[in-house]
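Enquirer: Below, each chain spelled out in residue letters.
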Amino acid sequence: MTWIASIRIALRALRVNKLRSSLTMLGIIIGVAAVITMIAVGAGAQARVEEQIKALGSNLIMLLPGSVTAGGVRMGAGSRNTLTESDAYAIGREIADVPASAPHLRGAGQVVAGNNNWSTVFYGVTPDYFEARNWVIASGKGFDPADLTGAAKVALLGETVARNLFGDADPIGQVIRIRKVPFTVIGVLQRKGQSLMGQDQDDVILMPISTARNRVLGGNIARQRTVGVIFVKVREGADMKEVEGEIRSLLRQRHRLQPGADDDFTLRNLSEVLAAREESSRIMTLLLAAVASVSLLVGGIGIMNIMLVSVTERTREIGLRMAVGARGRDILAQFLVEAVTLALIGGLFGIMLGVGGSYLIAHLAEWRVELRPDSVLLAVGFAASIGVFFGFYPARKASRLLPIEALRYE
Amino acid sequence: MAEPLIVTRGLAKEYRMESYTVAALRGVSLEIAAGEFVAVMGPSGSGKSTFMNLLGCLDSPTGGEYVLAGDRVSELSGDALAAIRNRRIGFVFQNFNLLARTSAVENVELPLLYSQCPAQERRSRAMARLAEVGLAERAHHQPSQLSGGQQQRVAIARALVNDPVLILADEPTGALDTRTSFELMGLLQQLNRGGMTVVLVTHEHDIATFASRIVSFRDGHVVHDQRVEQPADALAMLRALEKEAA
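Respectively, the protein sequence lines represent chains D and R.
First residue of the first sequence? That's 72 in our numbering, and the numbers climb one at a time after it.
First residue of the second sequence? That's 145 in our numbering, and the numbers climb one at a time after it.
Treat each hint with caution, since some may be false.
To be verified - 20 Å max Cα-Cα, derived SDA-like pairs, lysine to any residue:
1. D:Lys-312 x D:Arg-339
2. D:Lys-251 x D:Ala-179
3. D:Lys-125 x D:Ala-346
4. D:Lys-312 x D:Met-133
5. D:Lys-125 x D:Leu-345
6. D:Lys-212 x D:Ala-222
7. D:Lys-89 x R:Ser-221
8. D:Lys-468 x D:Leu-341
9. D:Lys-224 x D:Pro-253
10. D:Lys-89 x R:Arg-245
11. D:Lys-125 x D:Arg-439
12. D:Lys-251 x D:Gly-180
13. D:Lys-468 x R:Ser-247
14. D:Lys-468 x R:Gly-222
15. D:Lys-224 x D:Asp-241
16. D:Lys-468 x R:Ser-221
17. D:Lys-125 x D:Gln-265
18. D:Lys-468 x R:Asp-203
19. D:Lys-125 x D:Ser-266
20. D:Lys-89 x R:Leu-243
21. D:Lys-251 x D:Pro-198
22. D:Lys-212 x D:Pro-198
23. D:Lys-312 x D:Leu-341
24. D:Lys-89 x R:Ala-244
Keep in mind the hints are simulated off the structure, nothing from the lab.
Pulled out of the complex, with its shape left as it was, chain R reads as follows:
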């Protein structure tokens, strides 16, 4: 087996309050291979979001070690972390986090703006990604003119635009209805089949069943880590749902 994409050893995060310390993550050791589709589950306060933030280089651990694609991320400075977020990781958020009053294609271009990409290439790459998520003809619409599912697909195009090695999705279906959720998960599964590593945080079991591996958190520890032999097929379920409606 090749070197895993993600390695964490004893990863810990403490939040220092005024008079006490809260341990959000108490030593998590995990390996995720390239091409995996991992669902991170757990009740609120279990540390799953903290874990995601650390994986996404949005926060720094207070203990342990994190290696992403061979880089010891836990030792890097703020600017180096920004570069990793820019080139290695694509984020998908629960509330989409698109820039308002900014067209879809410009939203998708955003990461390229911070990686010295010439304007023409920015535009063509962003348009290509929008076409991949099926929104080419909506490129010049603003987020307020798009449905929730479309907005989330713009967000996925943005996550993909700089060719990352890892997609981190934090409750991506939290603001979507069932049908659109299935659509979105179908898109993520499709990307995963193309070789993209996807780590997904969710508290919905239905959504987790689309992943090939489920990691459960409780009180800052990993309590379950199981592989799913036959993940559900989101697009098949979507078709079933449509048949039912008809």
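The shape of chain D in the complex, shown without the other chains:
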């Protein structure tokens, strides 16, 4: 018997019991839709984490000043300003796998532009900072080396700051006052969105580190040339652990620490933290898909149940088909095709429902979802295999009937 004939027979058999067929399909529809939606939700979460990693900068090591111990009382990280700008330059210069090593000074204050004012933070940075933290300049330009040496009063605005001070107007070329010091805006940064902690990363102003130190912050900070943080970007593919070790020994040497003495700085590998987060969101996706698969499995059992009923109900038909020349394998194929058709039609409707459901979740819950073609293929493949798997037993049962007994079945 040809496949087309088998499929036509299957479709007819399914049409005969419309309600029963639709209810059986419903199990597969819900299962497939659940798998697709759950994978979309999980993939959305994963994509968010990946974006955060990108925003942070990949392969990033953060160097923080270390702790001081005063009379046996340890003061915690950052309690002593042990890191200097030259430490940052030394790391960039002397360690091979470091393309960018960016010192970073932080300050906060009121910013005024015309009639508007806004309270924000500003960072004193070097051009390396843009590379280390993956900042992209949306419009205007970045700092020149001359801006750095001359402590030029130029600033780049984060998107939030630009919007709050200038609204829709172009801020480039405008003058703003940061702690009463006038600055010329030379560029606007591309939006980065929220940080891992939910902080608005675009509520920021970047300026040359020399400008921040000498013209805005002043005082001790200007004299000591210390920095708050050094961001070190490690080359893609380099061994992070090895680079960490090199940085540590370089800084210990520069700070003249005796062997056995504690480090006076802290090394933090943020990428690792994020990688762990990514891993956990990946596991969540798998878990969601696994839970959804259970409903697909239940749908499959529904198919098996209905196919068993169908084989019993149609025993005489099977007997007749055998009497006119159907072989066991023809009967097997007929019922298998029927089960797979049921599963595949259910699968197609399930895809529609799953895609629709994903968009609905994205729209109503404002949850990020990411539809992946492979999850759709997976769901269809899964539905078809469920048809084969759960259809096989009833079909084999039918094919093993003895013609004479099947014909006489009441």
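Once you've looked at the hints, dock chain R against the given chain D.
Expert: Chain R only, in chain D's frame:
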């Protein structure tokens, strides 16, 4: 005389129950030549249905030998038996056994579906057979829209569609009234006159008189085997019946 179409030698069938064995057929040796019209008779439990099932390759014997058109059927596997049922034998059942919600022509096509026949040829052969049994214009009716006699004629068209050498009819008139029974027997006689071998199981004497040979079964044995010199003519009797009614 040519090689007989059907030869059985000591054909036996036992049904094994849990604690005992029932012998339904106890060694039947019979020869049926091509072109014969044989009526198999006997009370229920006589083994006539078992014999028919064995002739129809629907069941396998537990003893003896069965040769159909030169093939030693009793030695064949399930798939080979299916092929023989498909190409050599046409079945007509008491309860018609048509597929419900399936048009007459599709019912007739069914055996061709299992013999790799292209769709177009299937349809044309099925239509030709339906025309032979006088149901060409009912081809697209479903069994539920046909009378009993028409349904049985569809079943005969189905039995004929793959050009079998043997028609096996198991109580074909059991569910029909007298008039329709005569009509149907007339059709079978007509086929027989065209050279088709027909084996018919019935418990009605009236029906058996249309055959050219009557074989009677009792307790798993053949007890009578007689030729009928002048079989009754079903169509003539049908005309007589109609005259009586008028």
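Enquirer: Tell me the numbers of any earlier hints that the structure contravenes, in ascending order.
Expert: Hint check: 7, 8, 13 and 21 fail, others pass.
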